[in-house]
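Q: Quick mapping for you: the protein sequence lines, in order, are chains A and B. So for the first sequence, this note's numbering puts the first residue at 53; every next one is plus one. So for the second sequence, this note's numbering puts the first residue at 144; every next one is plus one.
FYI, nobody ran anything at the bench for these hints, they're computed from the structure. Some hints here could point you the wrong way.
[What the hints assert, rightly or not] Derived list of chain A stretches under chain B, where covered just means 3 residues or more per stretch with a C-beta under 8 Å from a C-beta of chain B:
no., region
1, 98 to 107
2, 111 to 118
3, 164 to 177
4, 256 to 266
5, 316 to 325
[To be verified] Here are some of the chain B residues that sit facing chain A, going by a computed Cβ distance under 7 Å:
no., residue
6, 159
7, 190
8, 237
9, 314
10, 317
By construction, the Cβ of each residue, glycine as well, lies at the ideal position given by its N, Cα and C atoms.
Listed below, chain by chain, are the residues.
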Amino acid sequence: MSNGPLQIKAISGHAGPVPGLDTSRDYSVAKLIDVTTCIGCKACEVACLEWNGYPFRETSFDNTYQTMPDTAWNYYNLIRFNEHVAEDGTLSWLMRKDGCMHCADPGCLRACPSDGAIVQYANGIVDFHQEHCIGCQYCVSGCPFNIPKFNAETKKVHKCTLCSDRVGAGLEPACIKACPTGCLHFGTKEDMKDLAEKRAAQLRQHTAHTNAGVYDPPGVGGTHVMYVLHDIDHPERYGGLPKDPQIPILVRIWKGPLKWLGNAAILGGILGAAIHYLRFGPKKESHEEAHGD
Amino acid sequence: MRRRTVIERYPFHERFCHWLTGFAYIYCLATGLAFYSPYVFWLAIMLGGGPTSRFWHPVIGVVFVGAQMWMHHIWRGDVKFVPEDREWLDKTKYYATNQDEKVPPQGKYNAGQKIFYWAMYYGAFLLVLSGAVMWFPELISVSFGWIRPLAIFVHEGAALVTIGAFIIHVYMGAFMVPGSVDAMLHGFVTKDWARAHHRLWFHQKTGE
């Protein structure tokens, strides 16, 4: 989706600098998900479908209240249900709203070869522009959260846009608007970080969750979707949230040193061949002629 | 004195196989480079657009590998390394600086050509294996997700090796050794050409 009011910070597969970079300042935005107050009502899932205009998908039952096993190209937002038995035998029911984390250093954007298919706005939103998507799914390889999903029919990849179209118009994302418990918050990244830290401190002081903390993983430069978790040391309990997400090292090498090595080798090879031709020229067919030079 | 007599070097099916492999490779090279660098993404645009290039690249890639297998069937006997190749490799610097009188006589292909052949052969093998993963990445389950970046890495690495070999191949054929393009287009070389570049093959072919 095109968003006139939003300033662009980075463009995938783009030759040269980003046009209009830093011409104006923009607030860095963030969504805060306080999983400790999520009741699993799935109003956010429905609001997401309604705003984005997708029909409701088939659901599947796998002995939890989870709508389906994984997010889908037309289902950006999924509450993951997980049961956790603590050492003392108490059972807790963990619910986490899963979706794009809007990384400050987005692996999808780094991996994408198509100019303008993925853009990062100055406010931190990472958005897919399907009209420029070529369907290669390199973004899937670059993402440490398994978020981009492929539509096999249209050969385009989709994911949560953080409602960039709404945010560009001064509205909060649809999921935030629908949340009945105040588990979802939206605002500037600084405000949300502040709010998250306060909530985590509150949990540590006044509840049994003495290890509560804020999930804003530095491995991907921090994220514009943050969690408050009951136990910050075990994010994997919440349906496989990675403890230390990183862009795969092979993607970093491929888009970094290997690219420059390859460029140098290709250009060097062509240049070398041209210089060789000027220096030695074509081979002669008889040795006598060669000597005659 | 240039003799006008010629000998056949490449019959029709060999020439057809060569150009089929070559054009399939060049298509994959152009579209692949487009996906490799934003600075040459216009190659994909010129070839029908990004999605079109993404669709055809793997299909033509299969044509390339298929043609390469056919080529292997045709030339596998000629590209086997023989003890004389060691000597050629020791004298590569004379070959590269056009001091051909110091280079030992060669069979149908010299060791450099054989190295090019095997670089393309093993390159194609790696490209098709990694390419299969990249063609349908949506079929790989989440727990095997690490295969995807690995496949891209191998694909790009193997492609770069074949590009290096390809640059030398085109340069040698089109510029360094006059008569080679003609041979691959029309099938014939002059006796002088054969005597100069592949003397053992010339003896074997003509008995002279």
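Q: Take the region 164 to 177 of chain A, compare each residue's beta carbon with every beta carbon of chain B, and decide whether three or more fall closer than 8 Å.
A: This one holds; 3 residues, not fewer than the three required, reach chain B with a Cβ under 8 Å.
Q: Please count how many residues of the region 256 to 266 of chain A have a CB within 8 Å of a CB from chain B and say whether that reaches 3.
A: n = 0 at 8 Å, threshold three: violated.
Q: Please verify that hint: residue 314 of chain B, Cβ, nearest Cβ of chain A, below 7 Å or not.
A: Result: holds, 4 Å to nearest chain A Cβ.
Q: Count the residues of the region 98 to 107 of chain A whose Cβ falls closer than 8 Å to any Cβ of chain B, and tell me whether that reaches three.
A: violated (count 0)
Q: Regarding the hint that residue 237 of chain B lies at the interface with chain A, is the smallest CB-CB distance below 7 Å?
A: With Cβ-Cβ at 11 Å, over 7 Å, it is violated.
Q: Tell me whether the statement that chain B covers the region 316 to 325 of chain A is true, taking a Cβ distance below 8 Å and needing three residues at minimum.
A: Per the Cβ count (5), the hint holds.
Q: Identify whether the interface hint at residue 159 of chain B stands, where standing means a beta carbon of chain A within less than 7 Å of its own.
A: violated (27 Å)
Q: Report holds or violated for chain B covering the region 111 to 118 of chain A, Cβ cut-off 8 Å, minimum 3 residues.
A: The restraint on the region 111 to 118 of chain A is violated, since only 0 of its residues have a Cβ under 8 Å from chain B and three are required.
Q: Minimum Cβ distance from residue 190 of chain B to chain A below 7 Å?
A: Since the shortest Cβ distance to chain A is 12 Å, the answer is violated.
Q: With 7 Å as the cut and Cβ atoms as the points, is residue 317 of chain B at the interface with chain A?
A: violated (10 Å)
In terms of the numbered hints stated before, the structure departs from hints 1, 2, 4, 6, 7, 8 and 10, listed from lowest to highest.
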